[in-house]
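Enquirer: Here is what each chain is made of, one letter per residue.
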Amino acid sequence: MHELAIAQGILELALNTATSHGAGKITGIRVLTGELTGIVPESLEFGFAALAEGTMAAGACLSVRIVPLTGRCRDCGDERRVDKYRFICAACGSYAIEIVSGRELKVESVEVE
Amino acid sequence: MEIPVMSNILHKNDENAAELNTMLTTRGIFTVNLMGSPGCGKTSLLEQTVSLLKNELTLAVIEGDLYTSKDADRIAGAGTPVVQINTGGGCHLDAFMVKAALTKLDLAAVDILIIENVGNLVCPAEFNVGEHAKVVVFSVTEGEDKPLKYPLVFRQSEAIILNKTDLLPYTSFNMDAAIDDIKGLNPQASLLQTSCRTGDGLPAWIEWLKAGAARTRRQANMIQGVKCD
Numbered sequence: 001m002h003e004l005a006i007a008q009g010i011l012e013l014a015l016n017t018a019t020s021h022g023a024g025k026i027t028g029i030r031v032l033t034g035e036l037t038g039i040v041p042e043s044l045e046f047g048f049a050a051l052a053e054g055t056m057a058a059g060a061c062l063s064v065r066i067v068p069l070t071g072r073c074r075d076c077g078d079e080r081r082v083d084k085y086r087f088i089c090a091a092c093g094s095y096a097i098e099i100v101s102g103r104e105l106k107v108e109s110v111e112v113e
Numbered sequence: 001m002e003i004p005v006m007s008n009i010l011h012k013n014d015e016n017a018a019e020l021n022t023m024l025t026t027r028g029i030f031t032v033n034l035m036g037s038p039g040c041g042k043t044s045l046l047e048q049t050v051s052l053l054k055n056e057l058t059l060a061v062i063e064g065d066l067y068t069s070k071d072a073d074r075i076a077g078a079g080t081p082v083v084q085i086n087t088g089g090g091c092h093l094d095a096f097m098v099k100a101a102l103t104k105l106d107l108a109a110v111d112i113l114i115i116e117n118v119g120n121l122v123c124p125a126e127f128n129v130g131e132h133a134k135v136v137v138f139s140v141t142e143g144e145d146k147p148l149k150y151p152l153v154f155r156q157s158e159a160i161i162l163n164k165t166d167l168l169p170y171t172s173f174n175m176d177a178a179i180d181d182i183k184g185l186n187p188q189a190s191l192l193q194t195s196c197r198t199g200d201g202l203p204a205w206i207e208w209l210k211a212g213a214a215r216t217r218r219q220a221n222m223i224q225g226v227k228c229d
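Sequences listed follow chains A and B, in order. Residue 88 in full-length UniProt numbering is what sits at position 88 of the first sequence, and the numbering runs on without skipping anything. Residue 48 in full-length UniProt numbering is what sits at position 48 of the second sequence, and the numbering runs on without skipping anything.
Please keep in mind that the hints were generated in silico from the structure rather than gathered at the bench. Among the clues, some could well be false.
Stated by the list, open to error - DSBU-like, lysine-lysine: derived pairs with alpha carbons at most 30 Å apart:
hint : chain 1 : residue 1 : chain 2 : residue 2
1    : B       : K70       : B       : K210
2    : B       : K12       : A       : K25
3    : B       : K99       : B       : K12
4    : B       : K149      : B       : K12
5    : B       : K70       : B       : K99
6    : A       : K84       : B       : K183
7    : A       : K84       : B       : K149
8    : B       : K70       : B       : K54
9    : B       : K210      : B       : K54
As the list claims (entries may be wrong) - Just a few of them, taken from the derived set where beta-carbon distance is under 7 Å, the chain B residues facing chain A:
hint : residue
10   : M1
11   : E2
12   : P4
13   : V5
14   : S7
15   : N8
16   : L10
17   : V122
18   : C123
19   : L148
20   : P151
21   : L152
22   : L185
23   : P187
Unchecked claim - Computed footprint of chain B on chain A, listed as stretches where at least three residues anywhere in the stretch have a Cβ under 8 Å from a Cβ of chain B:
hint : region
24   : 16 to 27
25   : 30 to 44
Because the structure is a prediction, the values reported are computed rather than measured. Note that CB positions come from ideal geometry on N, CA and C, so glycine has one too.
Next comes chain A alone, as it looks inside the complex (with noise of 0.2 Å):
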């Protein structure tokens, strides 16, 4: 249940955004997770209510975007999306792919009142 720790952090940086622009009501944040991180967005969701309550992100809409895993590789250059945790080039059989997307852990924006 790492999603309560996050849901934490991205409360933190949610009251922190609000309270530098002067707001005094949270409505909303939209909320970036990679795949490979593996964030249940209904137990963020649930985790996220809980700790809100009582501030001013209490009852905010948290919006959750799952980004895809893709990979570039080293050797070739190709990029694509890693299909079944497969880190194997498919274009040209190497093993050195680096991951691009699907490890984010991102607050994107806050919507404020």
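Since chain A is already given, all that's left is putting chain B on it; use the hints.
Expert: Chain B alone, transformed into the frame defined by chain A:
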């Protein structure tokens, strides 16, 4: 009004972990984040490691556990300095917990620090704790499907230890499938097969640790401006 943020949610932990990593590198302490599910044999591996290394290198251990000090007691019994972190229900260690634990260790003479994370294949993989290398242990009794079920921890680890190989004849563990999945997920990782009961494969693990310790010592010497061989 929508305010763009684009900030990493774990940035505070990552900042702290980077700071710890620099401190440990400067002191020449090779630091391992040891992960794996409950019962995979992390503590048994540590007991063996202490006994096999104690005449050559100085080890210190940080033990993460939900509530008890059972593992720390075992490691202390093996004769190595150990600090217990109780997470009180938390499913992973983070850099802040490790930073606090480090103040309870005399780091002056330590060559290798092993941080035994809370038994869990999911959460510990996401939180850096200042380590130089992540290592995951899994055992043949858990089944060969674990790498693909918990890909992040296997992808993040520099060494993957397949433990309890002495029990292979009593399981239906498919070694070929396990190796194929691990190679696909993390082709660069060192794959070590061990049995803490018979001692099989442990020398390769000890060599892996010693190589890491030598690498970190060289980095420390470079930082300190000492001429090294």
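Enquirer: Against the earlier hints, flag every one the structure doesn't satisfy and list their numbers going up.
Expert: none
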